[in-house]
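Here's the letter readout for the chains.
Protein chains: 2
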Amino acid sequence: MAFRHVAIIGLGLQGGSIGLAVQEALPDMRVTGHDISAETRLRAAERGLVQQVFETAEEAVSGADLVIFCVPPGAMGAVAAPLREAIAPDALVSDVGSSKQLIARELGAALPDHLVIPAHPVAGTENSGPDAGFAALFRNRWCIVTPPEQTDLLKLSALVEFWEALGANVERMSPEHHDLVLAVTSHLPHLIAYTIVGTASDLEDVTQSEVIKYSAGGFRDFTRIAASDPTMWRDVFLTNREAVLTMLQRFTEDLTALQRAIRVGDGDQLFDHFARTRDIRRSIIQEGQDDSRPDFGRSDHGKGK
Amino acid sequence: MAFRHVAIIGLGLQGGSIGLAVQEALPDMRVTGHDISAETRLRAAERGLVQQVFETAEEAVSGADLVIFCVPPGAMGAVAAPLREAIAPDALVSDVGSSKQLIARELGAALPDHLVIPAHPVAGTENSGPDAGFAALFRNRWCIVTPPEQTDLLKLSALVEFWEALGANVERMSPEHHDLVLAVTSHLPHLIAYTIVGTASDLEDVTQSEVIKYSAGGFRDFTRIAASDPTMWRDVFLTNREAVLTMLQRFTEDLTALQRAIRVGDGDQLFDHFARTRDIRRSIIQEGQDDSRPDFGRSDHGKGK
Chain A
1 MAFRHVAIIG
11 LGLQGGSIGL
21 AVQEALPDMR
31 VTGHDISAET
41 RLRAAERGLV
51 QQVFETAEEA
61 VSGADLVIFC
71 VPPGAMGAVA
81 APLREAIAPD
91 ALVSDVGSSK
101 QLIARELGAA
111 LPDHLVIPAH
121 PVAGTENSGP
131 DAGFAALFRN
141 RWCIVTPPEQ
151 TDLLKLSALV
161 EFWEALGANV
171 ERMSPEHHDL
181 VLAVTSHLPH
191 LIAYTIVGTA
201 SDLEDVTQSE
211 VIKYSAGGFR
221 DFTRIAASDP
231 TMWRDVFLTN
241 REAVLTMLQR
251 FTEDLTALQR
261 AIRVGDGDQL
271 FDHFARTRDI
281 RRSIIQEGQD
291 DSRPDFGRSD
301 HGKGK
Chain S
1 MAFRHVAIIG
11 LGLQGGSIGL
21 AVQEALPDMR
31 VTGHDISAET
41 RLRAAERGLV
51 QQVFETAEEA
61 VSGADLVIFC
71 VPPGAMGAVA
81 APLREAIAPD
91 ALVSDVGSSK
101 QLIARELGAA
111 LPDHLVIPAH
121 PVAGTENSGP
131 DAGFAALFRN
141 RWCIVTPPEQ
151 TDLLKLSALV
161 EFWEALGANV
171 ERMSPEHHDL
181 VLAVTSHLPH
191 LIAYTIVGTA
201 SDLEDVTQSE
211 VIKYSAGGFR
221 DFTRIAASDP
231 TMWRDVFLTN
241 REAVLTMLQR
251 FTEDLTALQR
261 AIRVGDGDQL
271 FDHFARTRDI
281 RRSIIQEGQD
291 DSRPDFGRSD
301 HGKGK
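So the protein sequences, as listed, match chains A and S. So for the first sequence, the working numbering puts the first residue at 1; every next one is plus one. So for the second sequence, the working numbering puts the first residue at 1; every next one is plus one.
These are calculated hints, taken from the structure and not from any lab test. For each residue, glycine too, the CB sits at the ideal point set by N, CA and C. Any given hint might turn out to be false.
[Said to hold, decoys possible] If you anchor each label on the Cβ, the simulated ranges turn out as follows:
| id | chain 1 | residue 1 | chain 2 | residue 2 | range |
| --- | --- | --- | --- | --- | --- |
| 1 | S | T246 | A | A78 | 40 to 48 Å |
| 2 | S | I36 | A | E161 | 35 to 43 Å |
| 3 | S | D268 | A | P82 | 21 to 29 Å |
| 4 | A | T256 | S | Q286 | 53 to 61 Å |
Please construct the entire structure, taking both the sequences and the accompanying hints into account.
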């Protein structure tokens, strides 16, 4: 492993999981960290998310040859800028943000003397904060790196090696393509989930307790991702605006078509559409990106529990 | 238990689960069944979904004092009508359909001499067919009964007792209110999930293999319910058209508002909305209607698996 000391700025779900995963998979590597919240720093120390939690980001990055920013997309630039002097000139700077074009620009502008290779581990849960992290988060998940056209290939391969050591499979993509792919696989689904959960809670002819009571009919699946960190998701939509709006437009067109099929009673169109979407599920399970147990194994089928 | 013999017409996820649950919870009760598909009848017999599988529905219902139709909502009337003579005059007729107003009318018209008390167990998985059923499906789930205004209260309480014996909690509702509540807690979520999975698979600038690969970002949650039985869901939308279109209208308004917030960069509106939706998730978990483990316990967090 080319890196000897990784500094993690931001000790929530992502930063905390990286810290725990490094200590498990790369025991020889030094892991320091910092979080802007004193409460989070305390919990991070208690849980041992990193070997040493520092009061300031300057102390945390001192001596590190890899610095990973794990803060909300909208905060990257502001958090990185003050560290221009504190980060070693030959250190590699990376992040875990869910949108890459804007973050690459912001980190580049904040740290003009440093090499920045943005990354995005496509892994997470609905939980956030210093108690949410766990070492296995990145296992069998994809991590997308979006290096600039001209980059230091040694540093790039070192970053790839780092993520592979944490259990991830690494892919290289352009920031533009990343933002388009994630708009459909992650950002749009979250927007839709946030929307429908809001709609359901605002009805006057159906009570909120009824919505909760009968959520097993399908609604509950949406509430999981609609419980994700609001600050991070606000920033995702603001930092990947164009791609999200593009995908949303396509979604709205398709929804309008199905709405019309329901209104005019076109059962064949509905059936054909519903039959088609089954195959995608099958492929996702074959690729090991989801749990094949019915209901995600929620109710321990057959076990009589 | 007031019933001595239940006949199940349709041996898929719901019918098969009822058969298995009855044999587990009500060992003294006779359970017969029939399915229109010879293949399904064979598997049902192999799995022992009911005590006896019959070639014809007439034989299956003969002597039964409870007949439950577990066929797609659109097929209820056509399947029930030929059984007018075969079903004992004092037998109670019920069903498990996801929309209640139209099904109540159809079963009433098909069996004018019989007492019909429709029911809807709010429980299911993305799987369907004779291999999908399991005895625990209804445990700690709600079953909604929608009896007519004037009904036989002894038969009604017997039906309630039957579902409680299978582990369900029973609620009484008017068919109209049921269809509105389920439109938001089940039908709209399925429509949205079917739509977004279709949208994602039709893109030209993002390949389907990319959608599958990076689905862990949130998309995969939608694919679960979008893998549900196409025939049943086509019928649900056609038989609960008005309520679904009403809820869809509200959803579209809310989505348009969030779309605008993204376009104009109104971070506060996004944050407020996203923060609000977290509480619903918490309540659903408190009510025991979903799995509290992060990611539905998909990745066995912390277990290092």
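Task: Contradicted hints - numbers only - done: Going through the list in order, the structure violates hints 2 and 4 and respects the others.
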